[in-house]
Amino acid sequence: MKQLKVGGLMTGPVVSAAPEASFKDVAKLLAEYDITGVPVVDEDDRVLGVVSETDLLAHRERTARELMTAPAVVVHAEQSVADAARLMVRRGVERLPVLDEEERLVGIVTRRDLLCVFLRPDAEIRHRVREDVLVDVMGLARDGVDVHVMDGVVSLGGRLRRRSQARMLVGLVERVDGVVAVVDRLSVQEDDTVGEGGARRAHAVFE
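First residue of the sequence shown: 1, per my numbering; consecutive thereafter.
Derived from the structure by calculation, the hints contain no laboratory data. Please read these numbers as outputs of a predicted model, since none were measured by experiment. Be a bit skeptical, because a hint or two may be false.
As the list claims (entries may be wrong) - Pairs of lysine to any residue, SDA-like flavour, derived with a Cα cap of 20 Å:
hint, residue 1, residue 2
1, K24, H59
2, K5, L119
3, K5, E94
Unchecked claim - Here are the in silico distance ranges between beta carbons for each label pair:
hint, residue 1, residue 2, range
4, K24, L115, 37 to 47 Å
5, L115, D192, 36 to 46 Å
6, V170, E66, 40 to 50 Å
7, G171, D25, 23 to 33 Å
8, D44, G139, 45 to 55 Å
9, Q165, L87, 38 to 48 Å
10, F118, G158, 35 to 45 Å
11, D192, R112, 20 to 30 Å
12, R142, D100, 30 to 40 Å
13, R142, Q3, 17 to 27 Å
14, G8, M168, 33 to 43 Å
15, V15, E101, 21 to 31 Å
Glycine included, C-beta positions come from ideal geometry on N, C-alpha and C.
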């Protein structure tokens, strides 16, 4: 199932600061490029931390190394946009430095960038759920499950053979780009899992 990768959404090259950069130098970077934070990188472009406007307001006359929040919360270019969104929400950050396979800084992604993905039209989301998830991945008929989408919230209805199959479907739909939440209204013929049931559950993806 195809998912939009962070590398396809990130902004690059990235404005960054050296560890020895002064308070004034970092402040100038934020003002000149109209940004709210800057990664601090070593000579090999590896991220050491991030200096935000909040860090600057809390301290004065220090170097970037002393000002930065470390370790930085980062994401890799090959990770999905949905994974980046969840990480951003969980850690309470506004931006994520993006690293390549060698852990070097190659871009940056912000909440605003991710929100563009979560504004995907409902009709397109429904099409992707039916084609990519139901048909391509699970081998079901595209009309084998009732799929309704409103404002990014996907409601799944109908009857499947096994509970494990229903759980897999919900998990896959949660990963579709643009999905905000999944409401599970599926029923099953047999429960092949151990644990709680429940015919109606809402799964938040990005808040």
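key: Cβ distance range 23 to 33 Å for G171 and D25, holds or violated   = Given about 46 Å between the Cβ atoms, the range is violated.
key: Range hint compliance [Cβ, V170 to E66, 40 to 50 Å]   = holds, 46 Å
key: D44 versus G139 beta-carbon gap, inside 45 to 55 Å or not   = Given about 46 Å between the Cβ atoms, the range holds.
query = Quick one: are K24 and L115 within 37 to 47 Å, going by C-beta?
reply = Given a distance of about 33 Å, which is not inside 37 to 47 Å, the answer is violated.
inquiry  = Given a hint of 38 to 48 Å, does the C-beta separation of Q165 and L87 actually sit inside it?
reply    = Roughly 29 Å apart at Cβ, these two residues miss the hinted range, so it is violated.
inquiry  = Quick check: does the Cβ-Cβ distance between V15 and E101 fall within 21 to 31 Å?
reply    = holds, 22 Å
task = Could you see if the CB distance from L115 to D192 stays within 36 to 46 Å?
result = The hinted range 36 to 46 Å holds for L115 and D192, with Cβ atoms some 38 Å apart.
ask   = Does L119 lie within 20 Å of K5 when you go C-alpha to C-alpha?
value = holds, 16 Å
ask   = If you check the beta carbons of R142 and D100, does the distance land in 30 to 40 Å?
value = holds, 37 Å
key: Restraint status (C-alpha distance of K5 to E94 at most 20 Å)   = holds, 18 Å
ask   = Does the hinted range 20 to 30 Å hold for D192 and R112 at CB?
value = violated, 43 Å
Holds or violated: K24 to H59, with C-alpha atoms at most 20 Å apart = holds, 11 Å
Violated hints, listed in ascending order, are 4, 7, 9, 10, 11, 14; each of the other numbered hints is respected by the structure.
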